[in-house]
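> Protein chains in written order, with this note's numbering: chain G, 32 to 470; chain H, 495 to 1280; chain F, 1078 to 1240.
Hints are computed from structural coordinates only; laboratory data are not their basis.
No residue lacks a Cβ here, since even glycine has one placed at the ideal position from N, Cα and C.
Be aware that one or more of the hints could be misleading.
[Claimed, not checked] Pairs of lysine-lysine residues, derived as DSSO-like cross-links and limited to a Cα-Cα distance of at most 27 Å, are as follows:
#: 1; chain 1: H; residue 1: K553; chain 2: G; residue 2: K344
#: 2; chain 1: H; residue 1: K913; chain 2: G; residue 2: K344
#: 3; chain 1: F; residue 1: K1234; chain 2: G; residue 2: K221
#: 4; chain 1: H; residue 1: K1235; chain 2: H; residue 2: K986
#: 5; chain 1: G; residue 1: K440; chain 2: H; residue 2: K986
#: 6; chain 1: G; residue 1: K441; chain 2: H; residue 2: K553
#: 7; chain 1: H; residue 1: K986; chain 2: G; residue 2: K84
[Claimed, not checked] Partial list, derived from the structure: chain F residues whose beta carbon lies under 7 Å from chain G:
#: 8; residue: F1084
#: 9; residue: F1088
#: 10; residue: L1102
#: 11; residue: F1115
#: 12; residue: E1129
#: 13; residue: Y1141
#: 14; residue: S1143
#: 15; residue: L1145
#: 16; residue: A1162
#: 17; residue: L1177
#: 18; residue: I1181
#: 19; residue: G1201
#: 20; residue: A1202
#: 21; residue: A1206
#: 22; residue: V1211
#: 23; residue: Y1213
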Amino acid sequence: MADLVSHPDEVKVVSKRFGLGATEIDRYLELDGYKAVRKALGMAPESIIAEVKDSGLRGRGGAGFNTGLKWSFVPKQSPKPKYILCNGDESEPGTCKDRLIFEHDPHSVIEGVTIAGLAVGAHVGYIYIRGEYRYLSEIMQKAIRQAYARGFLGKNILGSGFDFDVYWHGGAGAYEVGEESALMESLEGKRGIPRIRPPFPAVVGLWGGPTVINNAETLASVPHILLGGAEWYAKLGTPKNGGTRLFCLSGRLNRPGVYELPMGYNLKKMIYDVGGGMAQGHTLKAVVPGGSSTPLLTREEIDVPMDFDSLMKVGSMLGSGGVVIVDDSACMVKFALRIMSFYQHESCGWCIPCREGTDWLKKTLTRFHSGGGVRKDIDDLQYLSENMLGRTFCPLGDAAAMPTISIVKKFRKEFEDHLDGKPCPLEKAEAIERSPVMA
Amino acid sequence: MADVNLTIDGKKVTAPAGTLLIEAAKSAGIEVPSFCYYPNLSLQGACRMCLVKIEKMPKLQTACTTVISEGMMVTTDSDEVRQARKGMIELLLGNHPLDCPVCDAGGECELQDMTFSYGAAESRFIDVKNHRDEQQWSPVVYFDRPRCILCYRCVRVCGEGMDVWALGVQHRGVSSTIVPNQEDHLECEECGMCIDICPVGALTSGAYRYKTRPWEMKHVGTTCTHCADGCKTTLGVRRCSTGTELVRGDNRDKSGINGDFLCIKGRYGFDFAHHEDRLHQPLIRRNGRLTPCTWEEAFQLTGERLRQIRDREGGDAIAVIGSTRTTNEENYLLQKFARTVLGTNHIDHHRTADYPALVAALAGHPKLTASMRELFEAPAMLLIGNDPTRQHPLLAWQIRNNVRLHRARLYLVNAQPIKLRRQASSFFAIPAGREAEVAAFLAGQDSAVAAIASETSPEAWIRWRDQLRREPKLVVMFGSEIRGDAVASLIKFAADLPEAKLICLGDYANSRGAADMGLYPDLLPGYHPVTEVGEFHKDWGGVPEKPGLSLRQMAEHAQAGKLKALYVVGANPVEELGLDPFVFSQSFVVVEDLFLTETAAIADVVLPAANAYEKSGTFTNTCGDLQLVKKAGEVTGTKSDFEIIVRIADAMGVAVRKLVPFGRGSRADMGQSRGAQSGEADRHSVWLEARGLEPKMSPFDPMAILDEIQRLVPGYDVSRLHLLAGMDQHTSLSGSGPGTKHDPSAIMPARDDLFSSGTLGRYCRTLNAVLENGHKLAAEEEVAAE
Amino acid sequence: MRFSEPFEQRFQEMASHYPTRRSLLVPTLLYAQDEVGFLSDEVVAEIARRVELTELEVRNVISYYSMLTTQPRGKYNVQVCTNIACLLMGGEEILDRCRLKLGIREKETTPDGLFSLEEVECMGACCWAPAVQVNYDFHEHLTPQKMDQILDQYTKKGTERRR
């Protein structure tokens, strides 16, 4: 079970029940649990959507789309059943926040899913939890059972006349399934290949029905917004970037961990105050601001507010909240290679640029890192990544291309040093093909 | 649907709402490249080759998944788009083995073409390409993973198109691979559609691989010689020591009624042409043994004997059995020869469907037959009996895809749970042999329901019939289970519907043609009774007016010692119809065939014939669609049945021009008057040769007979231009003679399935290899189960 | 083909959660694998029957998900994360240590059938890196020495049970 950390700058909203035993429904109820559902039952669906929209809550999975707006796309009338789908397939390297939500506050997710159901007129919700998180799916199953037993789920919840069912669903190891349409495919028992869009899930989703699909943290934030009000939540953050979010600080810091900080919190402060600064003997080289798919920031670029728009301005992305601190011991070639190995391994293989591009880039980086590079490889890495960018079937291709482009651009010197035979700062050069090229 | 206006590359384009951008561009003559997009298969958006710039969209968009909208501004040819295409090709070639020099697809590979058009000349890739060994999935399907570009066309055509679902995709990322349903091998219909649709050389054919280079072949689009559906098959031919060799069959020419479709027989069932048992020399029985002789000897002997018998015993002593695989021209010529030269009406063929009953019942409702193309567009279909998936693969394809693409309703009635029930909106099981009662019930005879309502209640049958009666456009298909009066019942039912059309299912490539051309003892071409004096009698100067003997009666006639001569053209009644060979021991038997069949074995003269892939003419499929048969191959020592009949007639001393009106109506000077040096005659014959046609000045020109057919056979007066251009022409039965009611037991279905094809099938190496492999696998499975 | 009672119960319960049988596939495969050790031909056939799919379709799905395997594995599947956060904190050293200690490489199984080794992608333990999962149990803040101890504990556990 993951350790919890704390810092005075934290504003605990989603994490406020962490460590307080809220997995048990009685304790959860003591801690204002299921009050938001009660409140939502008394509200018109449009008001719920308006409240969420006004709160400035943006998708915590990485894309950062306004949640209320997303809900408003669901047609009121639909011949097919509507669904709420909670994306708990947390797999973006550097990200480990949903894990804590499921572990410490599973009922808040159930509550968020239920409110979303009320808002769009759905009667079934699924909570998809990645297969590796077996212990969390057990916690979630227990929480769902308790919620049914207390009448928060099932027929006629809280005597309101509203029926709502929530089920859990487990994955079996696939990063790509975190993409919303691939997640639906996976839930339908298929290979996790994304779907052609449009139509978007809000119109044609699970089994063809209109579907709201949100990240676990997003949905867990919803009950707090309904209770505290849109204005309160919005003001916690910066304009258009409402509320707080869970930042996962990892790397060679003195105090790594998951911290809930207001949107727009300064990255430099996050590293040096909240995270306790670099561990002894290490200096900062670069930062992955929002999971492995986001372009890296150099040491010089870290004085930036951590919200969606500010990071966009400096050419990166807020992503999933996975802040990975790269220290001076890291070889950036190796780092780029590891990122590319990941995407090569996780590419679903559907489209040419992602399937072939990640493989080619991985091969080039492998050879380059092991000392077999040639000067034109550096430009080719850039060229190939750019050929993938914006041209793949789903965002995975971009996710692989963006960090690579930023690393090659910002740390070109390290690539050139490799060519010049300078020792790799991380380890001796070795070429180990860690995953088979063709299974 | 309403039209939408958009601009593509500055060109104003209008297309119906709902059109895909890639199709709208195509309609404006703008090519947007793609690998994974394939018309009528589900959309993939996987190859990213069709990326185009659409104004107001930040990223390039796939033209194959974008539906056009009003005012859309599209650019398909900009630096950005060109770079995207080039980038895709470059990425593909990273792992694609550049073994084009030995790849079967080399020269007709979409990846090669795309690289040429859009790709980059230089290669950046210097790492080791991923490799995996080639796999053999069946006797005819090989898979080379490294060449595969994962366009998923094969998976889709097999699943969506064929409803076989034998191919899947496994693993992910760069390890993704197409897999067969049995882990290391395929269990499927072996239609080979996956091979044909593969844009590269990843899927190759066991029957063709490493045999030749595509550009060494001439490609001849002709009509398949197997079942009665009439698919266009493209034969790849190449010169060889014994003539012209057929190297490959596929559906490269997609203009046929079959479009993308071809079954195992249409694709691989040409290899009988080069079977080692093929006859190359005429045989004459000498001292009880069939001995090779010259063509002259054979013709002389045959002509002499037939003339003697006719002159001494009369035409009544001679019988003729025609073929269901010879051309219309040959069939027409054969019966004309029988009637006018041999003076007999004893002519018949292997009947597999009751076309005369259809004609008889259609009287007064002449336009009630549907073409194979119409079937694909029909909003509703009713099928009684038959199992098209096995017996009429193209018909099954049309039905399936009509349901899939047009949401057509399919009503099925069958004694067996046939596979098409998966597409059916209703499937009614009936007791075996009760198809006629279904027809009677449809015609309004309510009492018939008792015989058919075993699994479905009488009420449900009545509701079903009411629903059918409300169908605005219905195509009714029926197999040989429906004969005689039952056919009449169905037509009675259909005639009361707003617009119903029929398809009567026969079994062989030209079964319908044989019927239309009058290979009946009592019917002339166009179903005119021999007893009625009409056009034919006038034109031919007399026809025996007494109906002749049917096949079975011929045997009785022979047994009684009254049949002195039997002339069999392209048929094997001894094997196929169980005729007792010994009854013919007193008759002079002449057989024309490709092989020494059971029937040829009892002959006094055996004449080696060319097959349908080695001659020109026309076939009529079971729907009545007339199509061109083009000469593709050539085997030394054989002659077309057409030429053989003419030569026999000549040997009998007949003025051949009376039989074949060659030269009539076309007296153009082809250079003869100016001498051969002018070269015009040569050029003309080169032109004719290239189109598989014979010079019109020859008595062996089937087109001369086609003139007569078009003139005299009702319904065959179709556009000659379109016919020669390779297009199918539906022949209407309107204007036909009255038809007749035959003894229903004279119909003997072929009982062929996907992998068999009558006598001919026995000589198809590939079909047999597939069959044997199936038996081997089944045996292995049995052993494993034990 | 028989599964345990809890498996059957869960299967029954889950079957009521979805409008299609097919949706049961992915979680059911994982639970079946946990019981049998791997997805044998027999398991594939049984599950295909239960969810009304062809075996081909089931295999297509199995091969997509990295946790599912059709090959037998050790009793304890040691999954070492070497993704970026773990990489920075010494994940590869942990992997090297496991190789050395177990005497196998990735995707291999020790001769006694106790351990298999796998290099895996991010498992959501970035803040507590480097991390390893043995079957479903997380082990975090690892050092090579700690890794040794953990493997020793599993060896003990595995051999004791066997006795």
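> Mind checking the CB of F:F1088 against every CB in chain G and telling me if the closest is under 7 Å?
13 Å, violated
> Does the closest beta carbon of chain G sit nearer than 7 Å to the beta carbon of F:E1129?
10 Å, violated
> Interface hint check: F:L1145, Cβ to nearest Cβ on chain G, cutoff 7 Å. Holds or violated?
5 Å, holds
> Verify the proposed pairing of H:K553 with G:K344, using a straight-line Cα cut of 27 Å.
Holds, at roughly 19 Å.
> Next item in the hint list is F:F1115. Is there a CB on chain G closer than 7 Å to its CB?
13 Å, violated
> Going straight from one Cα to the other, do G:K440 and H:K986 come out at no more than 27 Å?
Answer violated: G:K440 to H:K986 is near 80 Å, above 27 Å.
> Using Cβ atoms only, decide whether F:Y1141 comes closer than 7 Å to chain G, and label the hint accordingly.
4 Å, holds
> If you take the shortest Cβ to Cβ gap from F:V1211 to chain G, is it below 7 Å?
Hint violated; F:V1211 Cβ to chain G Cβ min 12 Å, cut 7 Å.
> Taking the least C-beta to C-beta distance, is F:L1177 closer than 7 Å to chain G?
14 Å, violated
> Does G:K84 sit within 27 Å of H:K986, going by the straight-line distance between their CA atoms?
With a Cα-Cα distance of about 66 Å, the restraint between H:K986 and G:K84 is violated, given a limit of 27 Å.
> Min Cβ distance, F:L1102 to chain G: is it shorter than 7 Å?
4 Å, holds
> For the hint on F:G1201, does the least C-beta distance to chain G fall short of 7 Å?
4 Å, holds
In summary, the structure is inconsistent with hints 2, 3, 5, 7, 8, 9, 11, 12, 17, 18 and 22 from the numbered list given earlier, while agreeing with the others.
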